[in-house]
Amino acid sequence: MTTTTKPDFVYVTYIATTPEQVWRALVDTEVTEKYWLDPSADVPAHVNVSDWAPGSRWEHQRVDAARTVDIAGKVVESSPPHRLVVTWSRPTEIEDEAKRSRVTFDIATSGNGLVRLTVTHEDLERDPQMRDGVSNGWPKVLSNLKTLLETGRPLSRRTADS
Amino acid sequence: MDIDKVFKALADPTRRRLLDLLHRDNGQTLVSLCEHLDMTRQAVSQHLQQLEEANLVAVVRRGREKLHYLNPVPLFEIHERWIGKFERNRLGVLRDLKRSLESDDNNDKA
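Chains V and Y, in that order, give the protein sequences.
Per this note's numbering, residue -1 is the first one in the first sequence, and the count goes up by one each step.
Per this note's numbering, residue 73 is the first one in the second sequence, and the count goes up by one each step.
If you're looking for bench data, these hints aren't it; they were derived computationally from the structure.
Computed from a predicted model, the values in this text were never measured in an experiment.
Don't take each hint at face value.
Claimed, not checked - Computed cross-link-like contacts, EDC-like style, restricted to lysine to aspartate or glutamate with a CA-CA straight-line distance of at most 20 Å:
{"id": "1", "chain 1": "V", "residue 1": "K32", "chain 2": "V", "residue 2": "D62"}
{"id": "2", "chain 1": "V", "residue 1": "K4", "chain 2": "Y", "residue 2": "E137"}
{"id": "3", "chain 1": "V", "residue 1": "K4", "chain 2": "Y", "residue 2": "D97"}
{"id": "4", "chain 1": "Y", "residue 1": "K138", "chain 2": "V", "residue 2": "D26"}
{"id": "5", "chain 1": "V", "residue 1": "K32", "chain 2": "V", "residue 2": "E91"}
{"id": "6", "chain 1": "Y", "residue 1": "K77", "chain 2": "Y", "residue 2": "E125"}
{"id": "7", "chain 1": "V", "residue 1": "K4", "chain 2": "V", "residue 2": "E148"}
{"id": "8", "chain 1": "Y", "residue 1": "K138", "chain 2": "V", "residue 2": "E120"}
{"id": "9", "chain 1": "Y", "residue 1": "K138", "chain 2": "V", "residue 2": "D104"}
Unchecked claim - Listed next, with one range per pair, are the computed distances between beta-carbon atoms:
{"id": "10", "chain 1": "Y", "residue 1": "L173", "chain 2": "V", "residue 2": "T0", "range": "44 to 54 Å"}
{"id": "11", "chain 1": "V", "residue 1": "T0", "chain 2": "Y", "residue 2": "L147", "range": "20 to 30 Å"}
{"id": "12", "chain 1": "V", "residue 1": "A14", "chain 2": "Y", "residue 2": "V165", "range": "33 to 43 Å"}
{"id": "13", "chain 1": "V", "residue 1": "T27", "chain 2": "Y", "residue 2": "V103", "range": "20 to 30 Å"}
{"id": "14", "chain 1": "Y", "residue 1": "H151", "chain 2": "V", "residue 2": "E95", "range": "35 to 45 Å"}
{"id": "15", "chain 1": "V", "residue 1": "T3", "chain 2": "Y", "residue 2": "P85", "range": "31 to 41 Å"}
{"id": "16", "chain 1": "Y", "residue 1": "Q118", "chain 2": "V", "residue 2": "A106", "range": "19 to 29 Å"}
All C-beta atoms, glycine included, are put in the ideal place defined by N, C-alpha and C.
Hey, can you work out the whole structure from these sequences and the hints?
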């Protein structure tokens, strides 16, 4: 992968699936609910909602009655099934460029029936709180996504005492 | 991903140190990583290569530079398989106890 800026984080996972399945997992709201966990909780807690057209808004919504929006942004680039670029902000700061970061999903076949999914998060240096939250969240989300696509099974919900 | 590669990559103090260095300051070049290690650039490069093959380090090219990033995703897979589903809470209590006991002496233990 090539870049012109210095990303804050680069996360990679290899998944035994197809690029189309990975793409669907990123953009299909029902699929996102099966693996997108709140970093502070162990149950599926978020979905991603958008029509994923360039310029459209996307929202990271909590799966509660109010569908609270925790993260929102704009779709910058959408090239199914290989590349999705979105901006990433708190919903109250979506117009504030100084607080806006950017996430790129690159999906590439890598031989042996594996797909390489790379998540690059950049422009986080001005927001240390978001930086910490993000660094706790991505490895878990990607590990869960891999399990879901390889086993077809959503992540087990933990019982209250475990 | 071959999980044996992850365990082999972790079974070496220099490679664990490289991961610690990237945890502290992510996205470093080979040259900046070498400043912290008393070994040849070639040796460090080989360790990084092994970490990359185990997918514990991800490499991004920026111009002529290669930036190395800590990729903890395989560690989460290990955590989920061997720790998450068993004893998370009890282990958490033990870890907290160990931390509070060890913080009494002024050692710089992690």
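Going down the list of hints, with the structure as the test:
The hinted pair formed by K32(V) and D62(V) meets the criterion: a straight-line CA distance of about 15 Å does not exceed 20 Å. At most 20 Å may separate the alpha-carbon atoms for a hinted pair to count; K4(V) and E137(Y) meet this at roughly 11 Å. With a C-alpha separation of about 12 Å, the suggested pair K4(V) and D97(Y) falls inside the 20 Å cut-off, and the hint holds. As the CA atoms of K138(Y) and D26(V) are separated by approximately 34 Å, the hinted pair breaks the 20 Å bound.
A hinted pair counts as satisfied when its Cα atoms are at most 20 Å apart, and K32(V) with E91(V) does not qualify at roughly 28 Å. Proximity of K77(Y) to E125(Y) is assessed by CA-CA distance (about 7 Å); at most 20 Å being required, the pair is judged to hold. Restraint check for K4(V) and E148(V): the C-alpha separation of about 32 Å exceeds 20 Å, so the hint is violated. At most 20 Å may separate the alpha-carbon atoms for a hinted pair to count; K138(Y) and E120(V) meet this at roughly 16 Å.
Taking the CA atoms of K138(Y) and D104(V), the gap is about 18 Å. The hint holds against a cut of 20 Å. Between L173(Y) and T0(V) the C-beta distance comes to about 48 Å, which sits within the given range of 44 to 54 Å. For T0(V) paired with L147(Y), a C-beta distance near 26 Å keeps the hint of 20 to 30 Å intact. A beta carbon spacing of about 36 Å between A14(V) and V165(Y) agrees with the range 33 to 43 Å that was offered as a hint.
The supplied range of 20 to 30 Å is broken by T27(V) and V103(Y), whose beta-carbon atoms lie about 45 Å from each other. Checked against the hint of 35 to 45 Å, the C-beta distance between H151(Y) and E95(V) comes to roughly 36 Å, which is consistent with it. The beta-carbon spacing between T3(V) and P85(Y), approximately 33 Å, falls within the hinted interval of 31 to 41 Å. The hinted window of 19 to 29 Å between Q118(Y) and A106(V) holds, with their beta carbons roughly 25 Å apart.
In summary, the numbered hints that this structure violates are 4, 5, 7 and 13.
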